[in-house]
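Novice: Line order of the protein sequences matches chains R and A. The working numbering applies: residue 26 is where the first sequence begins, and numbers increase by one. The working numbering applies: residue 26 is where the second sequence begins, and numbers increase by one.
I should point out that these hints are in silico values taken from the structure, not numbers from a laboratory. Even for Gly, the Cβ is constructed at its ideal location relative to N, Cα and C. Watch out, some of these pointers could steer you wrong.
[To be verified] Simulated restraints, written as ranges between beta carbons of each label pair: (1) Arg137(R) with Asp153(A): 22 to 32 Å; (2) Ala468(R) with Leu39(A): 54 to 64 Å; (3) Gly435(R) with Ala220(A): 47 to 57 Å; (4) Arg334(A) with Gly210(R): 33 to 43 Å; (5) Leu462(R) with Asp321(A): 47 to 57 Å; (6) Arg63(A) with Arg181(R): 34 to 44 Å; (7) Arg117(R) with Thr224(A): 44 to 54 Å; (8) Lys159(A) with Glu43(R): 18 to 28 Å; (9) Gly208(A) with Arg402(R): 28 to 38 Å; (10) Asp153(A) with Pro255(R): 43 to 53 Å; (11) Ala323(R) with Arg334(A): 54 to 64 Å; (12) Gly227(R) with Lys144(A): 58 to 68 Å; (13) Leu187(A) with Ala468(R): 26 to 36 Å.
Here's the letter readout for the chains.
There are 2 protein chains.
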Amino acid sequence: MIPAPDETHDPSALSWVESANHGTTDFPIQNLPFGVFRQRAGGRGHIAVAIGDSVLDLDQCATHGLLTTVSPSTIQACRADSLNELMSLDHRQRLALRKQIFRLLHADAEARVRDLLQKAVLDRFDLDLELPVKIGDYTDFYASVFHATNVGSMLRPNHALLPNYKWIPIGYHGRASSIVISGTGIRRPHGQIMAQGATTPGFAPSRRLDYELEVGLYVAVGNGLGSPVPIAQAEEKIFGLSLVNDWSARDIQSWEYQPLGPFLSKSFATTVSPWVVTLEALLPFRIPAFPRLPEDPAPLPYLDHEIDRRWGGIDLTVEASITTPKMREQKLSPYRLSQGSFREMYWTLAQLLTHHASNGCNLRPGDLLASGTVSGRAPESRGCLLELTWKGEQKIRLPTGEELGFLRDGDEVTLRGWCEGSGKARVGFGECKGRILPSFTEAAPS
Amino acid sequence: MIPAPDETHDPSALSWVESANHGTTDFPIQNLPFGVFRQRAGGRGHIAVAIGDSVLDLDQCATHGLLTTVSPSTIQACRADSLNELMSLDHRQRLALRKQIFRLLHADAEARVRDLLQKAVLDRFDLDLELPVKIGDYTDFYASVFHATNVGSMLRPNHALLPNYKWIPIGYHGRASSIVISGTGIRRPHGQIMAQGATTPGFAPSRRLDYELEVGLYVAVGNGLGSPVPIAQAEEKIFGLSLVNDWSARDIQSWEYQPLGPFLSKSFATTVSPWVVTLEALLPFRIPAFPRLPEDPAPLPYLDHEIDRRWGGIDLTVEASITTPKMREQKLSPYRLSQGSFREMYWTLAQLLTHHASNGCNLRPGDLLASGTVSGRAPESRGCLLELTWKGEQKIRLPTGEELGFLRDGDEVTLRGWCEGSGKARVGFGECKGRILPSFTEAAPS
């Protein structure tokens, strides 16, 4: 069943937090994404909701007795230091919390409530945002047929797309320990590299360091081991989405990946954005799944559902931009590398989740399933440098005159994502950012 | 530096727990592996050490003030409900605990101590053993050159071993959530399968269900993100070893694995044995690393260390056996499928760990690194049915007259491992066991 919009989706709703009412903010009152912050002074993590340029501290809301229309287990979950407990609440409880927060922040909230909330509404720029979730397992998919085709055609010009691609959502297990929050520096990894023309590999810093622009979903309630998730129930198992940068060392990858797939070329770091945008907030932007071509196979029955076909897509624009040290020196704006849309993904989120659990694999609250690189049909929508520069062969000329192949030390990549449409409030994802640090052997002694 | 044996390795040492003194036990006083149990009555997990047919409850030892020669943080770690905290202690603290436990259980222990210990020594068969560790990340390697060659030659008869194999320890990220303790039933997974001769895949229960006999290491202290582990320090980062059965659905694997490696063919379940045998207990069984052939490349410098060459191997025998429902009906003993040795692994544990961290990937206490299938040169040492039956083509005849290709419902696979040698006390690993349950669609309604 496709849920109906409710008061929290009303595009004309305004907040008493003024900065939430400018049309350009990522975080109007219709969004209400969840994150975790720590005050610079120290202390433990608090769960918060982004609102304009501020955050609402849910721990403080609980302390001041402001969470009046939610269950005791919801209140307890709001006092934790990660979102996992909140993610494990049932769908009805999560909805009740969204409505409660909406009313607290609404321009019509009583003066008494607003007074009490003064202490709970904090300036976002005074806070350190933290990894919002304790991620048990991280899985990375490969859900863009354009990305798979581009990468495949570099390796196999005559049969770019492997025969399984349009039947099975390809994915692999990623590394959970090295997932970091936006803003964390990314140390250039060493690895085994077989240079072109060489006959023996060397061990050296990667020279083909890349980003991958992805969207990740966080699992809500999950499923027990041995209990698959029918596709009709898959959306209930999704809490919300974030941006993911799956940093990749292409030279390490090409030497190590056969026969068991990418390993150390990916596990040195993966960056996630701090705010988790709920599926509820994305409701106005749901669209039909990516249309299959007449020659494409129909999904196997376990991956096929009418509602998913009509509603499984998300009209979410994503963008990657870069600054180099020279650009920052010259105070130039970030240079946009690509802009694409999640609507062009071959597999829907429900298909990814249902496929993942189809062998009985248990998904737990807070598990992260990333989409794989979001690349669309258009060349300017390609979500990584491997594709944008075609293996580094077609360099990108930056406003400074610098030529960009792969990432150099000091380069900073920022991912952004947002949904917008006429008559709808904008729902944004904030930033997912990381700057390349020199490898240990190349760093200047400090 | 190669550590020297101490009193805890004295092969003549006896325990006042009589069952520990029979030469055939896996758990003499020289072993002292760690695990976690829960009393059948319920309650939380307790850390324990196996001794003969009993276990020593370390929580009780702490309560009765018997842990007198260890640090307060060690005592606290002994009261936890998983081994993670114990694993994060430094090497000296772990050694002190081993000596303390050795003395408590030694035949020469004072009568007063033995009286106090009566409540802490429990019959193993009255207890449920639990997953001993909260495994943050699970990595599976491919460290047997014989296994890699056999599997490769089924796919590529003319170049069985890929060019990277002897240079780089091949591995992939596994699924942590579906790791289960020995004795847990293994539900036959469904998956996408492209049948031989078919042109479209189907979704069905796996018909080529296999086990993989592996040895796993648990990480001790770990390393920070961005901080590689020099190979000379790798052994300090290893807490101990267990048996691992990396169940595999070969028909799902062969359709899904390109280009990103195994995924759902592995993630439905991985079984670990309950007891973690420490590196200290294995000290008398350390041997030189597997000898390289003259034509093999020397390991790259980051994977090469003189002590590892002289001492990086372990003389550990591993074995897989099976019972079928018919065998159990006829009260037949388990049938031995294979017996091999960990000494034949191409890469050492230190090489696996150092390689894993070589890109800066952070390993955390309790992370599991499995070796990959332990197969040796001899056909009878092959550690999975794929190899033993050569893709199911050469069936194994069981004592009942049944023919075994891949695993059928009700088949139970047991892995065992042990070290022994003249003048040394046997150090065993106990069992790692799992029985195949019918798939959901094929199970009789209950």
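Novice: Each of the hints needs a verdict: does it hold here or not?
Specialist: Here is how each hint holds up against the structure:
With their beta carbons about 54 Å apart, Arg137(R) and Asp153(A) fall outside the hinted range of 22 to 32 Å. Evaluation of the 54 to 64 Å hint for Ala468(R) and Leu39(A) yields a pass: the beta carbon distance comes to about 55 Å. Take Gly435(R) and Ala220(A): their Cβ atoms lie about 53 Å apart, and the range 47 to 57 Å holds. Distance hint for Arg334(A) and Gly210(R): a CB-CB separation of about 36 Å, consistent with the stated range 33 to 43 Å.
A hinted range of 47 to 57 Å is violated for the C-beta pair Leu462(R) and Asp321(A), which are about 36 Å apart. A hinted range of 34 to 44 Å is violated for the C-beta pair Arg63(A) and Arg181(R), which are about 52 Å apart. With their beta carbons about 45 Å apart, Arg117(R) and Thr224(A) fall inside the hinted range of 44 to 54 Å. The beta-carbon spacing between Lys159(A) and Glu43(R), approximately 45 Å, falls outside the hinted interval of 18 to 28 Å.
In this structure the supplied range 28 to 38 Å is violated for Gly208(A) paired with Arg402(R), their Cβ-Cβ distance being about 51 Å. For the pair Asp153(A) and Pro255(R), the beta carbons lie near 32 Å from each other, so the given range of 43 to 53 Å is not met. The given range of 54 to 64 Å is respected by Ala323(R) and Arg334(A), whose C-beta atoms sit roughly 56 Å from each other. Gly227(R) and Lys144(A) have their C-beta atoms about 60 Å apart, which keeps the hinted 58 to 68 Å range intact.
Taking the beta carbon of each, Leu187(A) and Ala468(R) are about 34 Å apart, inside 26 to 36 Å as hinted.
Hint check: violations occur at hints 1, 5, 6, 8, 9, 10; the rest are consistent with the structure.
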